[in-house]
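K.L.:
Protein sequence lines, in the order shown, are assigned to chains A, B, C and D.
According to the working numbering, the first sequence is numbered sequentially starting from 1.
According to the working numbering, the second sequence is numbered sequentially starting from 1.
According to the working numbering, the third sequence is numbered sequentially starting from 1.
According to the working numbering, the fourth sequence is numbered sequentially starting from 1.
Honestly, the hints are just simulated from the structure, not real lab data.
Every residue gets a Cβ at the ideal spot worked out from N, C-alpha and C, and that includes glycine.
Wrong hints could be hidden among the right ones.
Facing chain D, a subset of chain C residues (Cβ under 10 angstroms, in silico) [what the hints assert, rightly or not]:
1. Tyr-67
2. Ser-68
3. Val-70
4. Ala-71
5. Tyr-72
6. Pro-75
7. Tyr-80
8. Pro-87
9. Thr-91
10. Gly-92
11. Ala-93
12. Gly-94
13. Phe-96
14. Arg-98
Pair by pair, the computed Cβ-Cβ distance ranges are [claimed, not checked]:
15. C:Glu-7 - B:Asp-81: 33 to 39 angstroms
16. B:Leu-90 - A:Lys-3: 45 to 51 angstroms
17. D:Glu-25 - C:Gly-111: 47 to 53 angstroms
18. A:Leu-55 - D:Tyr-6: 30 to 36 angstroms
19. A:Glu-113 - C:Gln-49: 54 to 60 angstroms
Number of protein chains: 4
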Amino acid sequence: MQKPVYEKKSISLEMANKMIEAAKEKARAIGVPQIIAVVDEGGNLLALQRMEGALLACIQIAIDKAYSAVAYRRPTDVWYDFIKDDPPLLTGAGFFPRLVMLGGGFPIKVGDEIIGGIAVSGGHYSHDMECAKAALEVFEATSQVSK
Amino acid sequence: MQKPVYEKKSISLEMANKMIEAAKEKARAIGVPQIIAVVDEGGNLLALQRMEGALLACIQIAIDKAYSAVAYRRPTDVWYDFIKDDPPLLTGAGFFPRLVMLGGGFPIKVGDEIIGGIAVSGGHYSHDMECAKAALEVFEATSQVSK
Amino acid sequence: MQKPVYEKKSISLEMANKMIEAAKEKARAIGVPQIIAVVDEGGNLLALQRMEGALLACIQIAIDKAYSAVAYRRPTDVWYDFIKDDPPLLTGAGFFPRLVMLGGGFPIKVGDEIIGGIAVSGGHYSHDMECAKAALEVFEATSQVSK
Amino acid sequence: MQKPVYEKKSISLEMANKMIEAAKEKARAIGVPQIIAVVDEGGNLLALQRMEGALLACIQIAIDKAYSAVAYRRPTDVWYDFIKDDPPLLTGAGFFPRLVMLGGGFPIKVGDEIIGGIAVSGGHYSHDMECAKAALEVFEATSQVSK
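Input sequences plus hints: build the corresponding full structure.
P.N.:
Here it is as structure tokens:
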């Protein structure tokens with residue numbers, strides 16, 4: 001038999017908060033109040049911050065976008081290119097539960113392993129992606145140091 | 001009056017498990033970790049297995065896809081061709097509760113009678129269909145033998 | 001291996017309607033406008049009628065009560081005696097999804113086999129039970145004749 | 001700073017299936033058809049089997065009970081004693097989302113670490129606990145061997 005138990009990695013709350021700070025800093029720099037959500041590798045919410053003035057509707061969208069990044073194992077911005085020339089998928093994917101198909105959600109990875117997800121919601125998806133990428137850069141820098 | 005009661009057939013748990021094993025074997029062969037769900041002829045969940053690394057978002061999709069195969073009495077892959085030239089249906093069908101319109105869900109039939117449904121979710125719908133078909137082949141082979 | 005497929009019995013729509021008529025007749029006799037629901041052996045709604053003046057809130061209760069009779073495999077009136085001296089069950093059972101613990105829901109059986117469920121909702125549970133029993137008597141009489 | 005990433009353990013599908021078989025064997029021995037669900041340490045469904053004749057209503061209860069064992073980090077049977085002398089909790093806990101407060105759900109642990117959860121639903125909670133414990137014994141035995 002396979003081993004009865006296997007190992008997984010998961011992002012720490014402290015790291016999540018550090019990423020959120022980086023996303024907020026970028027959001028302030030571009031003048032877009034954002035909501036930033038981090039989920040663990042099981043898709044469960046780990047941390048969320050809503051900046052003053054951010055769109056209320058984006059609270060759930062941010063949570064679902066971070067969930068989507070983990071639960072579909074890909075950045076949320078790849079969906080449109082992935083489905084646009086595949087008519088059945090284009091028609092059907094929109095109804096998947098909790099799937100957010102707009103940019104701004106990213107899996108957080110160590111090598112090939114997904115250890116969590118981060119999403120930013122509140123601006124145009126290009127703004128959301130920009131802020132989320134700022135957060136990912138902090139993760140990458142910290143991970144390098146801690147190796 | 002008609003008979004007050006009529007006979008139905010339903011898939012056994014043991015057969016469902018056998019089908020799931022066949023789908024998993026195909027999934028391993030093509031390298032796509034999958035979730036496989038089997039429902040009975042009433043649409044109620046009978047068995048489910050999630051392979052390591054399968055998309056978490058596909059747990060509910062697999063259950064709903066198997067339900068769709070039974071509850072709409074057709075393989076889930078026929079939906080797109082069925083609705084693509086019918087704009088109202090194309091627009092409206094996606095909002096039907098629990099309907100999954102992508103391939104990978106099939107009714108399990110004895111003759112013309114639906115006795116359950118199986119669905120695979122986790123890959124592109126073409127992968128899902130391939131794995132579900134492997135499961136159906138096992139059902140067909142076993143049914144022949146048991147006649 | 002067990003047989004891959006097994007046989008089930010299910011109530012016909014025609015029989016369901018006949019039962020509903022009997023429940024309505026009793027409801028008129030006692031002066032309580034009722035809602036009567038019949039589900040099949042898989043818990044799926046088969047027929048429902050709401051009499052003029054019946055409590056709107058009881059539409060869903062009738063459906064869930066019929067579902068409860070099938071899905072928990074017992075008349076809904078037995079719950080209170082079943083749980084009243086079992087504190088954990090008394091505390092926990094009320095939160096079971098769709099469980100209605102008041103009288104008026106009954107499995108419809110052929111021998112020991114559940115082939116559907118009927119529920120009446122709209123009056124005091126004693127009224128609901130009275131009307132549902134009138135429906136079951138019609139089922140019993142018809143089943144005898146059709147043997 | 002803490003490490004940005006930490007290690008978790010998670011139960012394998014193969015182990016889950018083995019535990020389900022043990023629960024089914026006990027269920028057959030005591031004559032109670034059961035539904036058995038296993039979730040991973042993130043509360044996500046990993047495997048489920050419904051035995052022939054098991055209560056349909058218990059499909060969702062089994063899933064939620066396994067989720068409860070993981071998400072509240074305790075066996076589901078401890079809830080009643082935990083809340084019975086605490087009136088606000090007794091009143092309020094039942095409305096917690098997805099919480100099942102009846103026995104039959106257990107965290108699966110390696111040392112102090114929760115790596116998943118198993119739940120059995122379909123009988124009285126004492127039956128459910130008996131079957132779930134049979135599954136846990138198989139896990140313990142296998143874990144010892146694999147060390």
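K.L.:
Hints broken by the structure, by number, lowest first?
P.N.:
6, 7, 17
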